[in-house]
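Chemist: For reference, the chains in residue letters:
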Amino acid sequence: MDAQRPAILAQDLVKRFGDFTAVNGVSFEVQPGQIFGFLGPNGAGKTTTIRMILGLLKPTAGRAEVLGLPVAQAAAQIRPRVGYMSQRFSLYNDLTVRQNLTFFGRAYGLSDAELAERMRQALDMAGLAGREHVRTKDLSGGWRQRLALSAAVLHRPQVLFLDEPTAGVDPVSRRAFWDMLYSLAAEGVTVLVTTHYMDEAEHCQRLAFIQRGRLTACGSPEEIKRSLMPGPVLELAPADAGAALQALRRAQQAGRLPPAEIELYGSRLHVVAPEAHRLRRPIARALKAAGLDPGPMDLIEPSLEDVFIASMR
Amino acid sequence: MSTRRILAVARKEIHHILRDRATLFLVLFTPTALLLLMAYALTVDLKHVPIAVLDYDRSPISRRFVAQITAGQDLDLYAQVGSYDEIERLLVQGSIKAALILDPAFARDLYALRGMPMQVIIDGTEPESGAFAVDHIARRAETFVTQALAAQLQARGLPAETLRSIDLRVRTWYNPDLKPKNDVIPGLISMVLGMPALSVALALAHEREHGTLEQLLATPIGRAELLLGKILPYIAVGLINVALIPALAIFWFRIPFHGSFPLFFALSAVFLFAILALGTLVGVFMRTQAAALALSFLVIFFPGFFLTGIFFPLASMPEEVRLEVLGLPGTHYAIITRGIFLPGVGLEVLWPYAVFLLVLGTAFTAVAALFFRKKLG
Ligand SMILES: Nc1ncnc2c1ncn2[C@@H]1O[C@H](COP(=O)(O)OP(=O)(O)O)[C@@H](O)[C@H]1O
Ligand SMILES: [Mg+2]
Numbered sequence: 129m130d131a132q133r134p135a136i137l138a139q140d141l142v143k144r145f146g147d148f149t150a151v152n153g154v155s156f157e158v159q160p161g162q163i164f165g166f167l168g169p170n171g172a173g174k175t176t177t178i179r180m181i182l183g184l185l186k187p188t189a190g191r192a193e194v195l196g197l198p199v200a201q202a203a204a205q206i207r208p209r210v211g212y213m214s215q216r217f218s219l220y221n222d223l224t225v226r227q228n229l230t231f232f233g234r235a236y237g238l239s240d241a242e243l244a245e246r247m248r249q250a251l252d253m254a255g256l257a258g259r260e261h262v263r264t265k266d267l268s269g270g271w272r273q274r275l276a277l278s279a280a281v282l283h284r285p286q287v288l289f290l291d292e293p294t295a296g297v298d299p300v301s302r303r304a305f306w307d308m309l310y311s312l313a314a315e316g317v318t319v320l321v322t323t324h325y326m327d328e329a330e331h332c333q334r335l336a337f338i339q340r341g342r343l344t345a346c347g348s349p350e351e352i353k354r355s356l357m358p359g360p361v362l363e364l365a366p367a368d369a370g371a372a373l374q375a376l377r378r379a380q381q382a383g384r385l386p387p388a389e390i391e392l393y394g395s396r397l398h399v400v401a402p403e404a405h406r407l408r409r410p411i412a413r414a415l416k417a418a419g420l421d422p423g424p425m426d427l428i429e430p431s432l433e434d435v436f437i438a439s440m441r
Numbered sequence: 025m026s027t028r029r030i031l032a033v034a035r036k037e038i039h040h041i042l043r044d045r046a047t048l049f050l051v052l053f054t055p056t057a058l059l060l061l062m063a064y065a066l067t068v069d070l071k072h073v074p075i076a077v078l079d080y081d082r083s084p085i086s087r088r089f090v091a092q093i094t095a096g097q098d099l100d101l102y103a104q105v106g107s108y109d110e111i112e113r114l115l116v117q118g119s120i121k122a123a124l125i126l127d128p129a130f131a132r133d134l135y136a137l138r139g140m141p142m143q144v145i146i147d148g149t150e151p152e153s154g155a156f157a158v159d160h161i162a163r164r165a166e167t168f169v170t171q172a173l174a175a176q177l178q179a180r181g182l183p184a185e186t187l188r189s190i191d192l193r194v195r196t197w198y199n200p201d202l203k204p205k206n207d208v209i210p211g212l213i214s215m216v217l218g219m220p221a222l223s224v225a226l227a228l229a230h231e232r233e234h235g236t237l238e239q240l241l242a243t244p245i246g247r248a249e250l251l252l253g254k255i256l257p258y259i260a261v262g263l264i265n266v267a268l269i270p271a272l273a274i275f276w277f278r279i280p281f282h283g284s285f286p287l288f289f290a291l292s293a294v295f296l297f298a299i300l301a302l303g304t305l306v307g308v309f310m311r312t313q314a315a316a317l318a319l320s321f322l323v324i325f326f327p328g329f330f331l332t333g334i335f336f337p338l339a340s341m342p343e344e345v346r347l348e349v350l351g352l353p354g355t356h357y358a359i360i361t362r363g364i365f366l367p368g369v370g371l372e373v374l375w376p377y378a379v380f381l382l383v384l385g386t387a388f389t390a391v392a393a394l395f396f397r398k399k400l401g
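Protein chains in written order, with my numbering: chain A, 129 to 441; chain B, 25 to 401.
Only chain A is shown next, with the shape it has when bound in the complex:
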């Protein structure tokens, strides 16, 4: 494959369902070996975009290429070279670990000898060696996701599409999952992954934000922060963060505080606004009026989550 050529190319992809536009002119490129994060709130159009790139859904307009091949014409050549973990759990719950892996291996045309070899590797990778005969539904969420990933890479795809692979999985399992992703990327596999978890997004080399069908930002995590987030974030550490949040929201409704996104982060509050430092004084006033201690206030570098929230306004 040409080194200059992107592993995934989306060009002005549009998908309309009736008169509802789910994806509206989405373009991006993913370079070979990259981990590319595709972020956006529920219903933003992530799954629809992936389906179009995989050739499962016909775009209303625009085109996509995978590994330099046009999806519309060359789906049959592309299929064996890509792996996909769909948004919902993609394996058969009523089959055993081994039956699932066997089926997907055969579906991708592996010979029985190859299959035996890959099966062993897959079981090691997912940490499921010795549990081949367990029904998939009896595995916990984290194990299932690792098994699904192993099944999706059994045929050694060059490009991997993962649609919210870690949704609803505990943090420890999420870390184990990402370790698997890193080692795949280190082997040269291109990964496109959608996620809700902003800490995961920080692990991607490139990100795209999508909202109501449109890309709002695309670039490295740093570039995104710079483009979407002109200034720093104001972090508050009040004595009672919950009460403070309520007091500030009431003040906003009453018009005593200019509009800003205020979110709870553990025991702290993040105030996200174009010129957040100017809000120090009105916030302190609003909290004192409610009989609360404002506590220390600091300007900090925005996290991706702050950026995400800011971009969603």
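It is possible that some hints are incorrect.
Cβ pair distances, simulated, as ranges [what the hints assert, rightly or not]:
| hint | chain 1 | residue 1 | chain 2 | residue 2 | range |
| --- | --- | --- | --- | --- | --- |
| 1 | B | A57 | A | R284 | 43 to 51 Å |
| 2 | A | S311 | B | R45 | 40 to 48 Å |
| 3 | A | S239 | B | A267 | 33 to 41 Å |
| 4 | B | I38 | A | A189 | 24 to 32 Å |
No wet-lab data here; the hints were simulated from the structure. Glycine residues also receive a C-beta, built at the ideal position from the N, C-alpha and C atoms.
We have chain A; now place chain B with the ligands onto it with these hints.
Modeler: Relative to chain A, chain B with the ligands alone:
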């Protein structure tokens, strides 16, 4: 088309079927159980139909008439009643299926050869039992009148031997015993063998509902490969039933089998292909298992029931309806099973039906594959 991929799907499907004993049992024996149930429900030979008698005449003649009609196994005298109200109560309770009311002038009119004033009330919710009772009473009445007439002729010294009831002799070809089950059960077989088609429709809808279909479509497995892979194991399931069900029909219901077993097996396989292809079509169009179930009943069983000539002869169907019946695999298979079971006809007569079934199956598979992708999401 890759056989390896078709077999991959087929083997996975077998794993689904074998995953627990209950599923396996259900898939294997539902058609047989259904046949047993329906055969008993639909072919009960009418006997011992309970009736009530309201005799306003209370003469020796009227009593003799009642005794005659309730002799034998056909009608049972449930009760002698005194009023219409009682008849109504018994009918509503379901204790009787019909009531016979004899007029106060019953014996007098019979003597005078003016007729037999009586009335029969039947339960319209069970017209078959009612019609059976009416028919039986009418035939007995005819005999009774003839006897009464003969007695009078004799009493007046006239020859009575010339007086005979109509002697109607009916000869039935192909089913000389005129046992309804001989006719119904071969038709039923074509219906209950539609069960595997329901299973395949549900299996497809299940994949869509659980999101695994999307995963499948992203693999190199083609749409036709997927459908054929799904159909194959159910053809095997169906053939196990094809072996079981005729055995049941022959040894349990004692229906004669005049044809060739290998031919029956081969034509059944062709039918299974067609009906399963129809099942995949249902599975492709319906998004949920519940919807697939409903549509299966509509297109697989319901028409089978009413239109395939199982209970009503095809010739009595209106033209427009019959054309549509031609599109249903069950119609052709019902003809095939009846043909092989009863008169024992062979391929020389049945080949057009087999060819049509093959064409239908191929067409259903093609349409299902065509519509598959458009329906994602
Ligand atoms: N087949 C479909 N028909 C109609 N609307 C759809 C269909 N698939 C998705 N949508 C709509 O398109 C929008 C984007 O959906 P999706 O791509 O699944 O979002 P995301 O994956 O980002 O949560 C949603 O509003 C969804 O309801
Ligand atoms: Mg989604």
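Chemist: Hint by hint, note whether the structure agrees.
Modeler: Hints, verified against the model:
1. B:A57 <-> A:R284: 43 to 51 Å: Between A57 (chain B) and R284 (chain A), where Cβ atoms are some 48 Å apart, the hint holds.
2. A:S311 <-> B:R45: 40 to 48 Å: Holds - the Cβ-Cβ distance for S311 (chain A) and R45 (chain B), about 41 Å, lies within 40 to 48 Å.
3. A:S239 <-> B:A267: 33 to 41 Å: holds, 35 Å
4. B:I38 <-> A:A189: 24 to 32 Å: Check failed, 43 Å falls outside 24 to 32 Å.
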